[in-house]
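Chemist: Here is what each chain is made of, one letter per residue.
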Amino acid sequence: MNVISFLTGVCAVVSAIGVVSLRNPLYSAFALVINLLAMAGLYAALDAHFLAVSQVVVYAGAIMVLVLFVLMLLNLKSESGRRLGFVRSALALVIGCVVVMSALPPVVSHFSSMSQTTLSDNMRNSVGTVKAVGQELYTNYVAQFELASLVLLIGIVGAVMLAKRKSVVLAPRPGGLVGGSK
Amino acid sequence: MFELFVLLLKVGFVLNIALVLGSLCTWLERKGSALIQDRVGANRAGAFVESDRWYLKPVLPLVRMMGWLGVINTLLCDSLKGLWKEDFVPEGTSKFLHAVAPIIAVMPIMLAFAVLPLAPDFTVFGYYIHPRVAPIDAGLLFVLAMGSVAVYGVAIAGWTGNNKFSLLGSLRAAAQMISYELPMGMVFVALIVVYGTLDVYSIVEQQGELIWGFVPKWGVFVQPVGFVVLLLAGMAETKRGPFDLPEAESELAAGYFTEYSGMKFLLFWLGEFCEIALFALLLALLFFGGWQIPWVRLPEGVWWAALIGHVVLMTKVVFFCLLQIVIRWTLPRFRYDQLMNLGWKMLLPISLLNLVITAIVKVLA
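Residue numbers (the numbering used here), protein chains in the order written: chain A, 1 to 182; chain B, 1 to 365.
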């Protein structure tokens with residue numbers, strides 16, 4: 001584990017805590033952006049360059065911008081006064097600990113087995129490239145890939161159908177901004 | 001150790017190129033806009049310098065010339081003024097985010113320069129040198145990613161302005177940048193289909209070949225539609241020219257950076273001019289053969305050939321910077337619905353159709 005992956009890992013954990021603990025929704029969203037970028041950094045540190053760049057393009061670049069867009073339009077105030085009681089916080093702590101504990105053994109055993117089988121330099125340089133990822137996607141996982149694209153297409157059509165209200169004039173009026181409801 | 005030294009040298013070189021091109025664009029914009037509007041433009045600061053010191057005598061004519069051309073005014077005086085001005089921060093908003101926003105706006109643009117090659121590879125003193133900082137194989141995608149991250153600087157700047165004009169400007173900017181990223185990405189995909197790689201260096205190398213023995217295989221000849229779409233989408237992405245809705249002076253004061261002053265304000269401008277340079281560099285590399293001269297084959301791996309290639313590339317880049325500045329000062333601004341219609345109803349379908357046709361031709365050929 002080198003310095004870069006350690007630093008990005010710490011950054012990811014701290015920003016993830018920030019997402020759930022910050023009181024202002026906009027700050028939470030920024031923390032989530034940092035978290036996603038840190039994840040991209042982790043991928044890059046693991047030599048998966050294509051995955052890292054697509055993470056930045058899709059999550060940090062597109063999805064989070066839309067989330068921020070909506071948050072800015074809603075003009076939300078930061079949450080104040082709604083703190084959990086002692087019983088609820090204790091319960092949350094216990095449940096969280098149980099979940100982490102149950103997830104820990106497989107992760108630890110995975111990493112201990114990882115350290116024994118280190119990747120050769122040749123494999124390192126070829127496994128995360130665009131070519132390698134594309135080869136895998138279009139040979140071994142082609143059915144899943146096409147299915148995912150179909151699901152996305154359904155999503156797009158659904159979004160268009162939801163956004164298309166019937167009684168509202170959406171065409172731009174000459175000389176004005178985009179027309180709203182009448 | 002030597003590797004690290006070479007890397008630092010490269011980082012310095014690339015940053016230098018980015019900043020020099022950015023300053024050059026600043027000056028071209030100031031003097032060029034004056035020419036286009038039939039004004040004289042900046043020509044006073046430093047134009048009448050006098051000195052009795054003997055060691056200053058030889059450089060005085062040069063300084064006067066620079067002053068007369070407005071270089072001293074636009075590059076030296078303006079940045080000094082920015083440094084000395086009061087740094088105004090609006091009340092009732094996060095001071096930290098207000099200070100960080102200009103940096104977030106500039107950083108991705110500088111980072112995008114890291115993956116773009118500035119000259120062909122060469123050997124000097126027995127060392128093989130790639131003149132780019134990060135030779136990753138998803139180079140083209142990285143540029144797109146940095147373009148989409150650049151939205152954050154603008155969005156945060158508008159929000160921390162705590163002001164309706166700023167917020168409107170940043171919302172417009174975010175909507176515009178997201179909309180025009182799609183046709184841009186589609187053009188990149190079509191280019192990837194043609195050249196079969198995401199590596200910008202390899203794309204430029206392939207453009208040195210000839211089609212049918214006489215037409216250079218430049219992107220503009222292989223993908224003419226793609227070039228037009230990318231030119232429009234890129235100008236919208238830099239938020240300039242006829243697409244400067246986010247900072248429309250006549251509607252929104254100064255848009256998303258209304259509440260910025262001093263050096264932070266200048267950082268936004270620096271980012272914008274570096275983005276012009278970045279986009280010009282992209283156009284030159286992807287569509288105009290980069291360092292290739294048509295019908296001329298330079299020897300590979302020689303340092304003087306790399307130097308000639310670099311000069312050729314920079315000439316093309318300056319040409320595209322000039323083109324963008326001329327377009328920005330000659331065309332009137334779009335209306336907001338025209339902007340959105342152009343992006344979603346014209347450029348996106350055209351770029352999709354272009355991609356489909358390119359793929360069909362590629363499969364049949």
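Read the hints as simulated data drawn from the structure, not as lab findings.
Treat the hints with caution; some may be incorrect.
As the list claims (entries may be wrong) - For lysine-lysine, the following BS3-like pairs were computed, each having C-alpha atoms within a straight-line distance of at most 25 Å:
#1 Lys131(A) x Lys345(B)
#2 Lys131(A) x Lys217(B)
#3 Lys164(A) x Lys345(B)
Chemist: Which hint numbers does the structure go against, in order from smallest to largest?
Modeler: 1
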